[in-house]
Amino acid sequence: MSLRTLLGGGRRLMGRGEAELIPQGRMSGPMPWVIAIMVAMTAIALAAGLALGNAVTAARAEIEGGVTVQIVEPRADVRAGQAKRAVAAIKDLPGIAGLRLVPQTELDALIEPWLGTGIDDATGNAIPVPALIDVRLDRQATPARLAAIAKAVMPVAPSAKIDAQSNWLKPVFDAMVSLQLLAMVLVGLLALALAAAVLLAARSALGANRDTIEIVHLLGGTDAQVARVFQRSIGYDAAGGGAVGLVLAMVVIFALGRRFAGLGAGLVDNGALIWSDWLLLALVPLLATLLAMVTARLTVMHALRKML
Amino acid sequence: MSMTADGEIIQFDNVGLRYGTDREVLSDLSFTLFPGRFYFLTGASGAGKTSLLRLLYLAQRPSRGMIRMFGTDAITMPRSRLPGLRRRIGVVFQDFRLIPHLSAFDNVALPLRVAGHQEKDLVGPVRDILDWVGLSDRIDARPPTLSGGEQQRVAIARAVIARPAMLVADEPTGNVDPEMALKLMRLFEMLNRQGTTVVVATHDLDLLRKVPESLIMRLDRGRLSDPTGALRYPPRKMQ
Chain A
1 MSLRTLLGGG
11 RRLMGRGEAE
21 LIPQGRMSGP
31 MPWVIAIMVA
41 MTAIALAAGL
51 ALGNAVTAAR
61 AEIEGGVTVQ
71 IVEPRADVRA
81 GQAKRAVAAI
91 KDLPGIAGLR
101 LVPQTELDAL
111 IEPWLGTGID
121 DATGNAIPVP
131 ALIDVRLDRQ
141 ATPARLAAIA
151 KAVMPVAPSA
161 KIDAQSNWLK
171 PVFDAMVSLQ
181 LLAMVLVGLL
191 ALALAAAVLL
201 AARSALGANR
211 DTIEIVHLLG
221 GTDAQVARVF
231 QRSIGYDAAG
241 GGAVGLVLAM
251 VVIFALGRRF
261 AGLGAGLVDN
271 GALIWSDWLL
281 LALVPLLATL
291 LAMVTARLTV
301 MHALRKML
Chain B
1 MSMTADGEII
11 QFDNVGLRYG
21 TDREVLSDLS
31 FTLFPGRFYF
41 LTGASGAGKT
51 SLLRLLYLAQ
61 RPSRGMIRMF
71 GTDAITMPRS
81 RLPGLRRRIG
91 VVFQDFRLIP
101 HLSAFDNVAL
111 PLRVAGHQEK
121 DLVGPVRDIL
131 DWVGLSDRID
141 ARPPTLSGGE
151 QQRVAIARAV
161 IARPAMLVAD
171 EPTGNVDPEM
181 ALKLMRLFEM
191 LNRQGTTVVV
201 ATHDLDLLRK
211 VPESLIMRLD
221 RGRLSDPTGA
231 LRYPPRKMQ
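For the protein sequence lines, the chains are A and B, in the order given.
Residue numbers for the first sequence, in UniProt numbering: 1 to 308.
Residue numbers for the second sequence, in UniProt numbering: 1 to 239.
Bear in mind the hints are in silico, worked out from the structure with no lab data behind them.
Errors might be hidden in some of the hints.
[Stated by the list, open to error] Here are the simulated SDA-like pairs of lysine to any residue, each with C-alpha atoms no more than 20 Å apart in a straight line:
1. B:LYS120 x B:LEU146
2. A:LYS84 x A:GLU62
3. A:LYS306 x B:MET77
4. A:LYS306 x B:TYR19
5. A:LYS306 x A:GLU214
6. A:LYS306 x B:ASP140
7. A:LYS306 x B:LYS120
8. A:LYS306 x B:ALA59
9. A:LYS170 x A:GLY66
10. A:LYS306 x B:LEU85
Looking at chain A on its own, in the form it has when it is part of the complex:
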């Protein structure tokens, strides 16, 4: 069955624009508001899913080729020497896109929130913070590439520990991907709920207008003509409800966006919606209207087949 048949089958029954075969006021009854709520929830769930997807994608791209080499050595001079030799060894390896020995001042700044400053002056002993080498590979940090780095580094810096940055954040990514999937499942469930609500509304309208439908049938009206009346009525409700729902969703999404932007956390910052995401969100009420009309048509056609 073509989309045109689904949405436009049958001739128009009403002319003059003043009469409806099925008496129903526009945006009256609970249906438009049910659709508004469904559309709002769907758009919010979809926005959450898209934002999580963006955050995961951006973070993955950022750390996919990242490798951290730590020189865990309590003696500062030995540590510094091994770090220098490790840098020299890594620099000559193939596939290295960037390399940086993290300066001691940055390392001090990292532990400052917990230990404060001036520890050596106060205790006479410096805390042996490992030296860090931030390595950027041109491709993903696979176990084979980590092994190649280890092979080059370990002879000159036996205190080195080598880790792919993506390993540390894997549980976080997994959690985010799970949340993204959950959001998509929610979108699907809401679409099903919308279809179910429309199905019930169409059945109820069919029951309430059974006499009229029988008359139209006896005058030679086709199932498609009758179904068109119902789908048009529900289509108007869905379009109106969908527009209201989208506005509600936009308010919520903007408000949440401002809240999350205020956190200033890297992962969250990466989750901003892009223009194609907004386009998808704008399609939600259109798709909801289409779904409602198709559901109404199929429901009515199915019910009419049981009538003579």
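With chain A fixed as given, assemble chain B onto it according to the hints.
Only chain B this time, still in chain A's reference frame:
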């Protein structure tokens, strides 16, 4: 007009109808209706007139037997072909069955709209027929605001507006004064002269005398009597 080779428009063969598991309300009906004839269906209340009419206007399938309409087997034909057949049948229901929230105009225009007529093509005919049945000043009135007689006239206008091949009317003059009843019978006769087969169910024996060339179908407790043999197929004698 599509008919069988021998020209009948409707053919019933051993038709029976029962509702649920009750006894048959119509039994062993075998008759033929010919194009351009005028039939009166009479019988006492409960004889099965309305049930027979429901079979004729395809609101009901029989429990047994064979029905051919316009050359088509109406029992076995696919449901999708029913609208095409129904558009060739005009029906005046005993209880009018007007759509209450539509104006008189829209009720009468419905068969034309269903058949796909353009809006500009139906305004004139609908106004004309409403004028003819004396309702030109009630064109925008909705059925609940019309009297019984006015509703009946709207129902008749709706039944004839599409110039059906067969007109089926269940007590069409039951709620109108004698003058309007005569006028409506003249309308039916006029349609009949133009080739429409007319079947009118009525209790009113005076009505039968107003159409002298009509044929009588008499139902008695679900069985059809055909004293003249005019309903038989092949007919004993065509008038």
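Evaluated hints:
For the given pair, B:LYS120 sits about 26 Å from B:LEU146 by alpha-carbon distance, which is inconsistent with the 20 Å threshold. Under the criterion of a C-alpha separation no larger than 20 Å, the hint pairing A:LYS84 with A:GLU62 is inconsistent with the structure, at around 25 Å. The suggested pairing of A:LYS306 with B:MET77 holds, with an alpha-carbon distance near 16 Å, which does not exceed 20 Å. For the hint pairing A:LYS306 with B:TYR19, the CA-to-CA distance comes to about 17 Å; that is within 20 Å, so the pair holds.
For the proposed pair A:LYS306 and A:GLU214, the alpha carbon gap of about 12 Å is at most 20 Å, so the pair holds. The suggested pairing of A:LYS306 with B:ASP140 is violated, with an alpha-carbon distance near 34 Å, which exceeds 20 Å. Between the alpha carbons of A:LYS306 and B:LYS120 the distance comes to roughly 35 Å, so the proposed pair goes past 20 Å and is violated. Between A:LYS306 and B:ALA59 the alpha-carbon distance is near 13 Å, which keeps this suggested pair within the 20 Å criterion.
Taken as a hint, the A:LYS170 and A:GLY66 pair is honoured in the structure, with Cα atoms around 13 Å apart against an allowance of 20 Å. Between the alpha carbons of A:LYS306 and B:LEU85 the distance comes to roughly 18 Å, so the proposed pair stays at or under 20 Å and holds.
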